[in-house]
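Asker: Chains as they are written, first to last, in our numbering: chain Z, -8 to 581; chain U, 14 to 402.
The set of hints was computed from the structure by calculation and includes no laboratory data.
Heads up, some of the hints might be wrong.
As the list claims (entries may be wrong) - The calculated lysine-lysine pairs, modelled on DSS-like cross-linking and capped at a C-alpha distance of 30 Å, are:
(1) Z:318 <-> U:370
(2) U:368 <-> Z:318
(3) U:89 <-> U:69
(4) Z:245 <-> Z:302
(5) Z:302 <-> U:370
(6) U:193 <-> U:237
(7) Z:504 <-> Z:463
(8) U:401 <-> Z:323
(9) Z:366 <-> Z:323
(10) Z:236 <-> Z:305
(11) U:91 <-> U:190
(12) Z:70 <-> Z:120
(13) U:37 <-> U:190
(14) Z:302 <-> U:89
(15) U:368 <-> Z:323
(16) Z:504 <-> Z:439
(17) Z:504 <-> Z:372
(18) Z:120 <-> Z:245
One-letter residues, chain by chain:
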Amino acid sequence: MIEIQKFREEEPQTILLGSHPGVIQSMLDYDYLIQRAKPSIVGIIANGRRRERYFWGESEVSIPVFEKIEAIDEKLRNKISVIINVQSARRVLSSTKAALDTFPNLKLVTIFAEQTPESHTVELIELSKSRGILIAGPSSVGVLIPGHLKAGAIGGTQHSQLSNAGIFSSGDTAVVSTSGGIVNELILTVTNSGLGVSFALALGGDRFPITTPANAVMLAQNDPQTERIVFFGELGGTDEYEIAKLIDAGEITKELIVYIAGTVADLFENPPQFGHAKALAQTEDESSSAKKAVLKNSGAIVCDTFADISKTLKERAQQPMDHESRKIGERKHSLIVSHLSGDKNKDVQLLGRDLLDTVNGNSFASLTLSMLLGKQIESQKAVEFVDFVMRLLVDHGPYVSGAVNTIVAARAGRDLVSSLSAGLLTIGSRFGGAINYAAHNWIQGATKGISGKEFVENFVGNGGVIPGIGHKKYHTDLPDPRVEALLKFSGNTNGDRYLKFALDVESITTSKKGSLILNVDGVIAAIMLDILESELGYTKQELEELEQIEFFNALFVLSRSIGFASHYLDQRRHDEGLLRLSDNDVRYIG
Amino acid sequence: MPRRKLSEYRSKSIINSTLGLSYKGWSIVDDDSIPIDGYESYTVKVDQAVKGRYKKGLVLLDILQSEIYSAVDSLKRKGYSSILVEPYVPHGEIVERYLAISIRRDGYWLSYSDMGGVDIESNAESINEVRLDDATDWTSLSEATYLSVVQLQDIFNDVQTQYFSFIEINPYIIQDKILKILDCAIEVDDAGMYAVNSWNESDLRSPRTEKVTPEEERVRTLDKNSPASFNLSVLNPQGSIFLLLSGGGASVVIADEIYNIGLGRQLANYGEYSGNPNADEAYLYTQQVLSLIDISNAPYKVLFIGGAAANFTDIADTFDGVIKAINESADTLRNNNVRVYVRRGGPRQEIGLAKIKEALDAQRILGGVYDPTTSITDALTTALEGIKE
Chain Z
-8 MIEIQKFREE
2 EPQTILLGSH
12 PGVIQSMLDY
22 DYLIQRAKPS
32 IVGIIANGRR
42 RERYFWGESE
52 VSIPVFEKIE
62 AIDEKLRNKI
72 SVIINVQSAR
82 RVLSSTKAAL
92 DTFPNLKLVT
102 IFAEQTPESH
112 TVELIELSKS
122 RGILIAGPSS
132 VGVLIPGHLK
142 AGAIGGTQHS
152 QLSNAGIFSS
162 GDTAVVSTSG
172 GIVNELILTV
182 TNSGLGVSFA
192 LALGGDRFPI
202 TTPANAVMLA
212 QNDPQTERIV
222 FFGELGGTDE
232 YEIAKLIDAG
242 EITKELIVYI
252 AGTVADLFEN
262 PPQFGHAKAL
272 AQTEDESSSA
282 KKAVLKNSGA
292 IVCDTFADIS
302 KTLKERAQQP
312 MDHESRKIGE
322 RKHSLIVSHL
332 SGDKNKDVQL
342 LGRDLLDTVN
352 GNSFASLTLS
362 MLLGKQIESQ
372 KAVEFVDFVM
382 RLLVDHGPYV
392 SGAVNTIVAA
402 RAGRDLVSSL
412 SAGLLTIGSR
422 FGGAINYAAH
432 NWIQGATKGI
442 SGKEFVENFV
452 GNGGVIPGIG
462 HKKYHTDLPD
472 PRVEALLKFS
482 GNTNGDRYLK
492 FALDVESITT
502 SKKGSLILNV
512 DGVIAAIMLD
522 ILESELGYTK
532 QELEELEQIE
542 FFNALFVLSR
552 SIGFASHYLD
562 QRRHDEGLLR
572 LSDNDVRYIG
Chain U
14 MPRRKLSEYR
24 SKSIINSTLG
34 LSYKGWSIVD
44 DDSIPIDGYE
54 SYTVKVDQAV
64 KGRYKKGLVL
74 LDILQSEIYS
84 AVDSLKRKGY
94 SSILVEPYVP
104 HGEIVERYLA
114 ISIRRDGYWL
124 SYSDMGGVDI
134 ESNAESINEV
144 RLDDATDWTS
154 LSEATYLSVV
164 QLQDIFNDVQ
174 TQYFSFIEIN
184 PYIIQDKILK
194 ILDCAIEVDD
204 AGMYAVNSWN
214 ESDLRSPRTE
224 KVTPEEERVR
234 TLDKNSPASF
244 NLSVLNPQGS
254 IFLLLSGGGA
264 SVVIADEIYN
274 IGLGRQLANY
284 GEYSGNPNAD
294 EAYLYTQQVL
304 SLIDISNAPY
314 KVLFIGGAAA
324 NFTDIADTFD
334 GVIKAINESA
344 DTLRNNNVRV
354 YVRRGGPRQE
364 IGLAKIKEAL
374 DAQRILGGVY
384 DPTTSITDAL
394 TTALEGIKE
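This is chain U alone, in the form it adopts within the complex (with noise of 0.2 Å):
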């Protein structure tokens, strides 16, 4: 149940739609050339999830309409992929108001506020809260909202038929007596993505500013096509540390224990499977991690192959696809230097162990290869010997 968030351009359809209310927005994501008119000037920013956007300009207001598509190049200049623009309506000092409902362990709270806007973090003490169940006063919330009982369980509404792990509108005004909704943020559980129908996938959103390489894509493909679960991250490209990890826990700490003795510069990446992948989803994993070991200059590379104790992976099917990746690639792991070492255990351990073992040897990248009687700190302090920060 990963929280993700949603695009600022779907959470304020959603929300203005659920409220029945006009919304006027463009996304643009990958096509730069859609036609964009009818206001005296726009607000054109990033969507992407990133905290302190003004802060960080990349907020801009007032912008002409010949000038949008200037502005928007500025902003994906900077690594942003996802822009949003929207008429720039300037309105005049009136009450700034912020609502929000969140899951939390205990159940749905709505938190309100007449302070809101962009320093609502430091008005928090005018934050009120109050736990939505049968007992909820909803008279009472209308009237210290501004909302009525319809618009707050319409919104409420959404949060549980739509998953919403989390939804802040801030600010909304009352002008006029019309509501309109400013901004509005929602966060989504993923694991609900199969029950909805107001977003799906592309509305997703994440800061990432880097380029995902094409080994990143492939894993991200390969994720989306098994049961089983494959990330992969590039860290540092001329990293001399590659690692070939699985199960969620273990990865963590393996990761961990390499930063922690201080050689995280040294990671070129992170990733790994879990949840059983068939030999062949394990070998084309593979693939991948050790396409990123012949891009890196680094005169001395260990590949690291960890784990802790499965409970139910098969140690012997998921080498088998790792056996097979190695051997394809031990030509390009010979010449740029490269020992492998090996520290898993789990159901058929002893045989898959054995297999990889034999494999390293002969062709002669052996560093070395452990069960769980040598713990995953002693296997890695032995692999990172010849590491230096």
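So here's chain Z without its partners, still in its complex pose (with noise of 0.2 Å):
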């Protein structure tokens, strides 16, 4: 069993199963009353948006999620230690057994959702015996160690309810509970008494606690820290019968203060179920009189009411610690989040440095690139790429699709916006996209491990043309010059995986037809990727987002916007006056 020491001796890094703005909130804002640097949430795995965006004290940050757990990369899931699983009921057993077996160093799991079956809980206490993880619940709202960790809801789930709760320093009392209103009613009972919480732990209100109440108190028995412990049970099952024979056998020795409740369904000729699953007594040894009066017999210190609680643990604060109140103060958030550029201290700020800084330490290539990816780029061989990219797609004749636009907009007396405006909005699936749809192929090819051949088959099944393969002049015996100028950029670490994937690709295409070569759009997409994985560190996921935030398009848009407004000026400049097609142009089919 994972020891309460271990969470303080490590800083937390966790994921959430399913996404409660709430319970996210609260544990951003106790990382920064804490004063972490950073939030300890480093994922959610959740549908919907690619990051949710929460505050971090009065600031903002926004957290990464993830569609599946699958979509975490290898160096992430090994940073894991903490699952808060907010999923519902019936996911419970599959996405916690699913998080098992993806974190290697995890330690710690909670499970929120109330209703989760119980054989579904027989399996993971199997699991979390054989994997030595500590899962919290079901039905539980967490564990929190006071200065180290808020794992769930425990404790609040608005700031100000943790700033004067005296949850900021370790203290000697563990407080353990059933129920997650009480647990965090008995963190304020111990601290509002003079002492402080080593740690507390909602075990949750189900019939089979996946850590048990004798769990949890052995927990406070091996923690250093801790001195006495507070427990919290209910009418129903037999939990609270380990804990006596522990006491009995030695095994626990620190001051066990104990309230049980339920005597009051002593007052009903068939009681009623509780608001919790376990909370109805099957059979006598299952009241609350009869577990209590086993637990005084052993030697717990036994309360029957919240007062006596109190009293007791005022009685045990010779000197009453000084619980410290840290604020968060007004907050609201913003309209827009931008990480590109903003004023700061007055100053317009480019890529997190003085504007005119991140203009004089860039050349234009390397400004683009840096301003599409986000961040400033150092890599001289990509700069390098997107300079010649930029380059070779501004023009391509005025015969395609976005320049005709561009030059019918012009010679119909338009405006430099408006005609570079008609042209691009011809780029799409037709027209210019291919590069970003290549990407897409190019990714989910060459990290699948299939084949070239296996790609064509599936594309043919689908019945479409491959974007980035096939040129209407060139063919094998007439390769594309600006193809083989590109070409001169291969050779990345990765082993130039995804232009392998690609060639590979056109040894199958050119062996049906000669023209089904790769294009330009294909080999830049190739090349492109293999750079940001090699050169610039992109995992997969980070590529497919990039595609799917359509990166890749960006290339073309701007490069080719040059094109389109060159066209549009030279045909200001030669006014050729309004473009009519003849009826040569059209034929009436009626």
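Work from the hints to combine the two standalone chains into their complex.
Answerer: Next comes the structure, spelled out in structure tokens:
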């Protein structure tokens, strides 16, 4: 079993399974209030957006969102030590199992959902034991280790609840509770009594808590910071008998202050199901009074009222702790967040430096790539490649859709921006967008380990042309000189896996038809991917994200904008007049 | 994952169908006129998860067809609503066997005995227990239970796929080499209801005989239709202490502390909401509790709105609903000589507590409003000062 002390010795790296904004914000608030340099939450598994925005103190921070657990790369997987599972009850088992299998250094899981089936919990009990991972729940609001960890809603979900709760520095009293509301109540009872909390653990009110009351009390017994334990239990189940046995056997020597709720059940002829799933005594020994008696008999301090708990604790606070209050001020989410640029101390900043510093330190291509990727890029090779691509894509004659549109608008007397926009609006799946589509394909192909042959077969099966493959003019016997020029940028340390895959695909397609060669779009996509991965350390997930947000399209749009603007100016300089198609150009088939 | 009991009718239907046996029985809940015939005589019994039915006279044996409905009525007059009628088939001297499978922390366990029947509890030492796992020796289990390996595995399969927490087949007999299930009880894990096909909500039984009050009924409906949870039980309609509680743990604590100081009989109701209900839901729930206040003739009444320091239930939001209901019933509350006490904490407690204090004060029914710096016990002590045993 993991020991509590372990969590005080290392910084937690936490993933949320499912998104629960209240819980997440409160954990970030706690991180901030204990003056952690950056958020302990490093990812959220959820659908929808790529990032979720939260407050960081009075400022803001965005947390990466992964669609599924498999999307987390190995480097991050190895760091994860804490999982907060806020998914629905029916997904608790599968999602928790997946987490246990994915994160090799996992130490703690908290499970929030109520109504997890008993048989699912029983499987998790087995896994918790065999893997030596502390699992709190189901129906647990989490674990709190003052000064180190707030895993879950425990302690509250509003920052003002955290401010004055006395939970920023460690004390000597452990709190263990089957109820989420009561764990919080007891934390406040401890800190208001002049003591401090060593750790607080919400076990959850299910019939089979994965971490049992006895397990939790043993955690406290083995914790060097803990002097005494306050335990809240309820009617139903026989877990408390295990604690009594441990006391009798001398395994628990620390002082145990106990409250077992549920005596009121005696008032009912047929007691109702109280709030928690296990809170129904099926036999006499599961009743509150029976469990209180057996614990008292073993020497625990059994309290009949919360006032008793408070009084007992106050007697032990000879030098009351002076709990620090820390506040987070007024805050409001901004309308727009930018990671690129903005004012700082009245000066405009670009990519984290003074505007002019950034401008002076970059060539145009280097600034372009840095801006598009959202961070200063230092790789000379990457910059040289982008510089070449930007020059290469600038124009390809007035025949293509975008140029024609620009020319038509210009000759209709429209202004620069209208004409340029008319040209840009043609860029998409049929014209100009192929680099991005090709990037998508090369990522899928090269990283899944399928062969070019299988890939092509799938494509033919899907009945489509392959973006990045094929040319009207060039073919195997007449190679595209631009492709030759681009290939000079190959030779990357990842073994050019994307380019290699693209060439593998080409070898299949050209065997079918000579014109189905790797074209400029396809080769730019492949080499750009190889450079991003080798030179700039992008992971597969990051490359996928770049493809999804159309980074590769941006290269074409930028470069070709120069071409379109030039065609506009060219037309206006020569003032050709309104373009109208003649009868020969249009055939009416009525 | 509360455990719930299935009706005997459903339990027997499931297990007989699983084992390929036929089962004849008529479940009478609302419809009093289903035709029953074909047998010489019948057993008529309460089918409501009541323990010790024989001793309580809730099983009527050897009833003629013409007497069935008067027998049903006699049981219904005792307050029960779910009755089972079965053919009465006496069997001679024959070994009654016992078999049960239950889920525990460490997995599934099968227990069996050849001293089954109503006295199984006094024959506890005759029960053998075996953990069911990959290493289970089904052949020797089959020899010990007189059930085939396939029958045992089919039952176990039901337990797993139909989310049984507990199944007890007691007794069963082997008569002329044929298996007969004489009685069967099943407890299910209601958290698995989404995944099963052999039972549903309508098959669940509780031994309660008291009539459900309209207030309780409305709270049940509210609970069904909301992601938050609500429950309400009327304890003593003439009580003087009314509870509007929140949070699974704290609600029991508050009721306990009232009971422990000897005021249990004054408790008009028990009930709680949890899971961050919205203001509308809190309003509907509060209305039901307030409606109980007007029924009681107690000369002085206390409404205690209580809970611990919530982790994520928004106090300001839920109190908006509570305040709306209180404002609407303020005249009634004043006429009933009600004092309202509040003790609560959690997200946005400052706003919620200030608002409710202002509202109670304006309606002249304010007892006291406390945040978590006052213990539950101390708030209760103050609130209950005027209540007598």
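Asker: Please go over all the hints and tell whether each is borne out by the structure.
Answerer: Results of checking the hints against the structure:
1. Z:318 <-> U:370: Answer holds: residue 318 of chain Z to residue 370 of chain U is near 26 Å, not above 30 Å.
2. U:368 <-> Z:318: Roughly 23 Å between the alpha carbons, so the hint for residue 368 of chain U and residue 318 of chain Z holds.
3. U:89 <-> U:69: The given pair, whose Cα atoms are some 14 Å apart, holds under the 30 Å limit.
4. Z:245 <-> Z:302: With Cα atoms ~18 Å apart, residue 245 of chain Z and residue 302 of chain Z stay inside 30 Å; holds.
5. Z:302 <-> U:370: holds, 28 Å
6. U:193 <-> U:237: Roughly 38 Å between the alpha carbons, so the hint for residue 193 of chain U and residue 237 of chain U is violated.
7. Z:504 <-> Z:463: Distance of about 12 Å is within 30 Å: holds.
8. U:401 <-> Z:323: violated, 51 Å
9. Z:366 <-> Z:323: Holds, at roughly 26 Å.
10. Z:236 <-> Z:305: Status holds; Cα separation ~28 Å.
11. U:91 <-> U:190: Violated - the C-alpha atoms of residue 190 of chain U and residue 91 of chain U are around 40 Å apart, more than 30 Å.
12. Z:70 <-> Z:120: holds, 21 Å
13. U:37 <-> U:190: holds, 20 Å
14. Z:302 <-> U:89: Given that 30 Å is the threshold and the Cα spacing comes to 52 Å, the pair is violated.
15. U:368 <-> Z:323: At roughly 24 Å apart (the allowed maximum being 30 Å), residue 323 of chain Z and residue 368 of chain U satisfy the hint.
16. Z:504 <-> Z:439: holds, 26 Å
17. Z:504 <-> Z:372: Given pair residue 504 of chain Z, residue 372 of chain Z is violated - Cα atoms ~34 Å apart, limit 30 Å.
18. Z:120 <-> Z:245: holds, 24 Å
Checked against the numbered hints above, the structure violates hints 6, 8, 11, 14 and 17; every other hint is satisfied.
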